[in-house]
Structures are given as C-alpha cells and as structure tokens.
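Colleague: Read off the chains here:
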Amino acid sequence: MSAEIDNDVVVRTVGLTKVFRDFWLREKVAAVSDLDLSIHAGEVYGLLGPNGSGKSTTLKMLLGLVFPTRGRVTVFGKNPFDVKTKKRIGFLPEESYLYPFLDARETLDYYGRLFGQPRYERKRRIGMLLDMVGLTGAAYRRIGEYSKGMQRRIGMAQALINDPDLLILDEPTSGMDPMAARQFKDLITDLSRRGKTIILSSHLLSDMEDVCDRVGILFAGQLRSEGTLANLLSRSGLTQIVTEHLDEATCDAVRRVLAEADKRLISVEAPKDKLESLFLRIVRQAQARHRRADVVATGEVAEFLRVGPEQDRKRVIEELLTGPEQVAAAPSEHPAPPPRPSVAEPVGEVIDHLLADKAEAEPAEPAIATAPASAPATETPLPDEAVEKRQREKPPRAGIDLNVIDDLTQTGNPENHDDA
Amino acid sequence: MRNVWAVTRETFLQCVRTRIILVFSVILAVCVLYVGFRIEGDGTLKGRIQTFLAYSTSLTQLLLCLVTIFLTIGVVTGDISRKYIFTVASKPLTRWQYVLGRWSGVMLLTGLLLVMSFGAIYLFARHIRRAQTRVEMAAKPGLVKTETVDPDRLAVEHEVFAARATFQPDPLDIESAFKERMNRLIDETGLDNLIRGQIRHRLQPPPLDSKAPPPPPLDEKKVEKLLHNPALRKQMMEEIAFNLRNQILESRQLVGPGRATTLTYSGLKPEPPDGPPLQIRYKLKPFQSYTSTLKSAWRIINTDPDSGFSQIEFRSDSTQTTSSFMVDPRTITSDGRLTVKYINLLDPKAMATVRIQPEDIVVLQRVGGFEGNFIRAGMLILLRLMFLAAAAVLFGVFLSFPIACLSCMIIFVLSVMSGFIQEATKLPVHSGPPSIFEYFSHYLVVGVNAVLPALEGTATTDSLVDGANIPWKAVLNEYLMAFRPAQADSNVLWRMFGVKIVLGTGLRTFLALGIGWLIFRKRELAGIT
Chain A
1 MSAEIDNDVV VRTVGLTKVF RDFWLREKVA AVSDLDLSIH AGEVYGLLGP
51 NGSGKSTTLK MLLGLVFPTR GRVTVFGKNP FDVKTKKRIG FLPEESYLYP
101 FLDARETLDY YGRLFGQPRY ERKRRIGMLL DMVGLTGAAY RRIGEYSKGM
151 QRRIGMAQAL INDPDLLILD EPTSGMDPMA ARQFKDLITD LSRRGKTIIL
201 SSHLLSDMED VCDRVGILFA GQLRSEGTLA NLLSRSGLTQ IVTEHLDEAT
251 CDAVRRVLAE ADKRLISVEA PKDKLESLFL RIVRQAQARH RRADVVATGE
301 VAEFLRVGPE QDRKRVIEEL LTGPEQVAAA PSEHPAPPPR PSVAEPVGEV
351 IDHLLADKAE AEPAEPAIAT APASAPATET PLPDEAVEKR QREKPPRAGI
401 DLNVIDDLTQ TGNPENHDDA
Chain B
421 MRNVWAVTRE TFLQCVRTRI ILVFSVILAV CVLYVGFRIE GDGTLKGRIQ
471 TFLAYSTSLT QLLLCLVTIF LTIGVVTGDI SRKYIFTVAS KPLTRWQYVL
521 GRWSGVMLLT GLLLVMSFGA IYLFARHIRR AQTRVEMAAK PGLVKTETVD
571 PDRLAVEHEV FAARATFQPD PLDIESAFKE RMNRLIDETG LDNLIRGQIR
621 HRLQPPPLDS KAPPPPPLDE KKVEKLLHNP ALRKQMMEEI AFNLRNQILE
671 SRQLVGPGRA TTLTYSGLKP EPPDGPPLQI RYKLKPFQSY TSTLKSAWRI
721 INTDPDSGFS QIEFRSDSTQ TTSSFMVDPR TITSDGRLTV KYINLLDPKA
771 MATVRIQPED IVVLQRVGGF EGNFIRAGML ILLRLMFLAA AAVLFGVFLS
821 FPIACLSCMI IFVLSVMSGF IQEATKLPVH SGPPSIFEYF SHYLVVGVNA
871 VLPALEGTAT TDSLVDGANI PWKAVLNEYL MAFRPAQADS NVLWRMFGVK
921 IVLGTGLRTF LALGIGWLIF RKRELAGIT
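Chains as they are written, first to last, in the working numbering: chain A, 1 to 420; chain B, 421 to 949.
Since the hints were made in silico from the structure, they are not lab data. Bear in mind the structure is a predicted one, so any value in this text is a computation, not a measurement. Please note that the accuracy of each hint is not assured.
[Stated by the list, open to error] Stretch-level coverage of chain B by chain A, calculated; a stretch enters the list once three of its residues show a Cβ under 8 Å from a Cβ in chain A: (1) 432-443; (2) 502-508; (3) 724-730; (4) 934-947.
Just so you know, even glycine gets a beta-carbon here, dropped at the ideal spot from N, CA and C.
Just chain A, same shape as in the assembly (with noise of 0.2 Å):
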C-alpha cells in the first residue's frame, strides 16, 4: 500500500484480538479474532454481522472503552485513548445511553461543554441540532420521558455536537420506524457526502445496503468477507432490463429474440414497491395533515455540518465581529467540499437526466423485466425507492446546502413527490 493511500487511512486494526476472562483470568469469549481493517476517510463502512459476532466489542475498542487483548489499533494515527482523537470522533451507541433527568438542550450542552465549546456555540449548534433531528419541540422535556425512537434522534445529535471527522454508529436505527430509520439513513449518506468518515454496525442487512460504500462481514469475532457493494452484490451472470408495462406478445417476441440468442429468460414480472417505500408514502402523507410538534425534523442538516471545521471557525469569528445575519448573507469565501466519489457516481448523471424527465413528464407505471440479456437500463423511469435513493446521491444545489431528509419531513412539500 502506498503512502499516500496510507495517509487516507482513518482506523486501522492490525490483528486486533479481544478477549474476555472472567474473575478467575480464565477465557470466557474470544470476541474478536486476528480483525485487520483499514478504513478510508470520507468511506462509509458498514460491520455487518449476527448478535455476539463482535460488531460492538470491535466499537469499543475503536473508541478506547475496551482495551485490546491483542493487537494494535489506531484511530487517526493516534491511540484511540487520546483527547485529541476523541475529539474528532462522534460516537452513537447501540442504545441511547443519555441521562434520563436532563432534557435535550441539558444533555446537548453538556457533551459540548466536554468538547470546549464556548457558550455562544453550543447554543448554537443545539438549537440546529434539535431543529435537524426533530426534537425542537421537545427541547425541554427530560430524556427519560422520550420515546425510544426519539431518544435515537437526540442520541445522534449528541453523537454531532462537536461535527466530527469519524462518526461511529452501533445499529443506529435500531427501535426506530421505518420514518425515522429512512431520515437517519439519509442523513448518514448526506454526511457522508461531506466528507465524514462513518462507520456503522448493524445486523440490518437493508441499512447496510442503503449507505455503505463498503461493508465487511464478521463472525464469531473473525472477519469472513469484506469489500465494496459493487462488488459483493453483482450478479455477474446475470442482466435485469426494466422498461414500461410489456404486453403479452411483446414479451412473446422477446421470448423468442432470447431464444435465437440462445439465453434462457428467466422471469417477467411487474415490480413490487418495498413496503418501507409504500409506509413512507402513507405516512408522509398523514403527515402533512396531523403535524406533531415535537417530533417534526426540519430535515435541514445542521449548519455547522455543512461545512469543514477550519470555515465553521472562521464563520464563528465573522459573526462574533458582524453578527450572524451579516454573515450568514454574505457569500462564502469557501465552497463546500466537493462531493466524495461514490460507487454509483458513473450512473449518477444518467439519473440525474432521468429524474429531469420524469419530473416533466408522468410516466406510467413501469415493468420490469428481468432476463439474462446484458443491455444497460439508461433510458427507463426508476421505480421509488430508487429515485429516491437516486435523490439523495444529488450534489448539493446550489445557494443552499443539500436538504436530504427534507422530502420526508413533515415541512416538505408532498406535492413536490413523484409519488403524491
């Protein structure tokens, strides 16, 4: 590996071994086995694996809470022992372990206080934060009165507060709706996108699909596979064309265009919409009608978010000197960080186009005919979830920093879907 990949590395595990004894020093669990990670910034990285197959014991380690049996791991090139790592890590564990007597701008304060933040920051950044995670309305009821999906929601604001470098995720939509899980899914790959290295540990196979570029799989404490989507989920022997509804003698005839070509056609169906996409769509829709207060996202991601922590400094002296509406009118001298290449972005201008199209146009609804042919699907309107996930992978528009989650929030427009 090269130097320069090297200097990209923001956790390595080198044999990282974990074991635990028990009162007598005799070996109760061998946790995690000989793991070897190396994960790049900007790089969402999913732990995939069963319950007990060492997802959170290897999180732990990672942020100094367990101490290695064996092994070396560093976090920023740095023991994950020291402050200043710590600083650049958010963490979000497996359950939101937050004091049940403190309210959500009591416990915000109080984790930015352990980051140093001066006063006039926190108040600032817990007030974007309750607003990015829908909790504003609830900023003064105390945590243990919180339902657990909200507790999820002010546990990732915590895991924010000082907008860190690495955010470090233990099966964050664990007890979530789907409502929720879909923002947090979509606010990890909007932060990814900003250049936040993230690693996520579930045994949610769908989460995982959803935001990780890369994913390795552990079990029994040991890593059995590990690689990028792409090339984990490829079927290479196979080709999925999907086009408009098909008649019975079209699909006659490319029965028979299959057959001169000697390949067998395997299936034709209509496509089915996943059930997260048709609950999202009901309730996005009851939504817009019965707005709940205190659990309403504005679905805009947190200023201090958008932008490196060198500009977020910069920004913070400027309002200091001009007062924050100067400020916040005047352009920026420094763009946002380009968009970090994903593994669909060779496809990303071809959906782009098709988004375009078919916000003009309503396009009936398509087929999907899957067959061992090996033609591309450029030109074919997406079913939902893909336009959606297509939506997401958008780069930021322009004047405003991209609002991911804003379609399904309760202040977006439904009117505004492709779907209403």
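For this one, chain A is given, so just place chain B on it according to the hints.
Modeller: Same frame as chain A, now just chain B:
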C-alpha cells in the same frame, strides 16, 4: 478544568433531581424542626440550647454522611451499570477529569446542604437563645430589676454562645525530687544491685495471682552475664528512671482528705475586671475507694503582688459527673497565669483520697465568638463529607452499588470509631504474652488507622455544645497535615525524625481520589455485549 466543571455541573443537576436527595432533605428538615421545638433538655435554657445543638448537629452530620455515600456511589456505579459512561467516555474527557468532576459535583450539593442545614440550626439556636429563663419567667413584670445575674442566662452567654480555649495545669516539676530519690536509691542499694533487681524483674515478673505456684529459681549466671552488658545496663537504668518518675508523679497527684494541692495555669489572656468570666471544669475521681459525693474548697488566687485578688468556692459534687463553676477574670495575673488551690475537705460522710490528673481540672477562657466556631465546625464536617465522597468514588469505580455501599459504610464506621477500636485492640500489658489473634487484630487496626482518618463524629458536636474553641490551626491540620512530637510509643520511623507526621483528612481525601483514578484508568468500561 473546563471538563471537570462540566461533569461537576452535570453531577449536581443529577443529584438535585434524584428523589433520594428530596427524601433526605425532608427528613433533615423535619428532624431539625422537631428537635428545635420539642426538646427541653434539663429544663434550663442552657440545657435546652445545648441539647438542641447536640441533636441537630449530630443528626445533620449523620444524614449528610449517608447522603454523600449513597449519592456518590449511585452516580458513579449508575454510570457504569446503566452504560451512560459509553457516551461520556467517548468524549474528550480524561478519566481523572471524570473522577474529580463526579466527586466535586456531589461535594457541591452536600456542601450546599450543609450550609443550609447549619444556617437553619444557627437561626434556631438564636431563636431559642431569646427565650426566657426560669428566673426571667418568674420575675413579675413591673418590678425593678435586681442586680443579681441570672446564672442560666450567664451560662448561655458564656458557656454556649462562646468559643473557649481549654487550659490544662502546667506539668508538675518533679525533676529535683527525682534526682534526690535516685541518688538515695543508688547510695542505699548500690548501682549493680539496682540493675540486677531490674533484670530479675524483667526475666521473671511477679505473678499476678498470689495463689499461683512459685516460679522456678532464676539462672543467676545468666543474670550476672546480662549485668555486664553495657547496652542492657543502659536500658535497665532507663526503665528504673521511668518507674521512679511515675511513682513520684502519682504521689504528687494524690490528695488525701484534709490535704491540698496547687495547680498553676499559664498562657491565659489577661482580662479587664468586667471581662468574660473563666470557668473551672473538673471531675474528681476517688482513688482506691468509693464515695458518691466529695466536698471540696477551691481558692483561685491572683499571685501578682499588687493584686492579691482571690476567689473562694465551696463545692459538694458527685463523683460521677463533671462539675464547673465561674471564676472572676481578675484572678488572672498580668502575665496570664492562674493559680488554683484545691482542698480535699475532710468530711466523715464523704471522705476519699482524690487522684488529680492534668485533664481532670481544666480552665476555660473565652477566646472568640460562637459564629466563628460554628463555621469552623462546619468546615470540619465538610472535610468528613469530602473524605467519604472520595472513598465512595474509590469503591464506586470498580464495585457494584451494594458492595460499594457496604465497603463505604465499613470505612465510615471504622473511621468514626477509630479511637474506641484502637483502645479495644491494644496489646495486653499485664496478662502475659499476647496471643496471635491479639497481635493480628492490633496490627490490623494500626494499619487501618494509618490509612483512615479519625472521624469521631461527636468531637465537633461536643465542641459546639461546650462552647469549646476549634482553633484555625486544628482546622488547617485536618485539611493538610499535622506535625506532632514523637512519643515513646511512636514507631521507629517517627522516633528517628523526632516528629510524627499525621496526614490530614484533606490529604487523605485526595489520596483516595488518586487511588480511585488509578483503578478507573485501568478499568474496561464495557463488557461482553
């Protein structure tokens, strides 16, 4: 320190919002109010105030100690068992900052509770002080006030609402008598015989039981050999001198019926004629006889040639209780000395030889106000709470809540009863060689006492009740350390330096916190998930 403050603040908020603090506050308020309104003491105003102060301060101390222990252990073990520590420890917070923050957060709250409860006690004590004494209640309104001073009111003002220093009599000068007796002994017995007798005594102590069979005869050759050992000769001479001094001292301390002894006190502050009165407090102990009452006469003399002022008191006191009487401030000489002559009155119904030891007859003189003393007492109690909170943090970082509570309570009891336990486990002197168990328990307690501070809970309360001054130096010694001259019973190290260093409770507190931090630093915060 910003992080320490953040944790302190959070701990304070957490504790304030815990129900346990509400329960303890209610109990504390109810107890103080009940004691303030209901307790009458011995019927005098002084007794009522003293009883109120004794009960309320003891109760406050006890409750606050318990609150401190339970709260501290609760917040620390709760963080670990409920996994709040995952979120906290993943932030840029070092382990020492966490330990110090948790401790100081609890201290902030308990300190506040202490200030509030002591404030309430003070206000109540002042309220009771304004009540009428029996004499004042008996006085009919409209009558001209007499010049007679109400002794109850006088006692309230000068014995309770005061800070008084305690003076013990100057040591008796026995050196000339000792030299004279020693020389006579050597002349009469001969030096070698004297030492030989002491060696025999050491080799074969006289049996305690007179009916015991006679011991086998001593090996005289061995005695003669030891007699010519220079180091042993020196040691035997030291023992003889020690015993002789004790004999002389004891004989001087004994006052037979119809006899008198004179004690002098120095270092007192000369007072103007209308200055606050002194108090002589004494407890007369009959020597080798029993009587319930002793009659005595006291003459307190100003020995200044141009003064000649003296006061005479005749007393009849129970031998079971401590008695006292007021002394005119004019009895103090211009150089701050006081001479007290005690006469053991000859009374056929109550006659006994009295043994007077230095602590049996003391003079108390006002050196400050009640308020200052009250604040210093509060500071000493705060110090105890600080130590208990530190011990609670120390146990909380590696034990579960019930085990940590149990350990902390043991520490609390051992610290409070250290004097008693030390006395109870002393190696026996007169009943033969100690058993292994006695050695074990003695040295175990010595070890424990070396680590734990002496938190005798009653010491501060007693001082407040008696109006005894708590000097700033004592407070400082408790917070930092004290240097005391090494006694004969000090260990070798202290004897070598000639001074004994006693670590104050404050330093022990930070020592406990330091150990807690070291343990916490090495502790894994997450287990198998």
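Colleague: Would you mind marking each hint as holding or not holding in the structure?
Modeller: Against the structure, the hints come out as follows:
{"no.": "1", "hint": "432-443", "result": "holds (count 4)"}
{"no.": "2", "hint": "502-508", "result": "holds (count 7)"}
{"no.": "3", "hint": "724-730", "result": "violated (count 0)"}
{"no.": "4", "hint": "934-947", "result": "holds (count 4)"}
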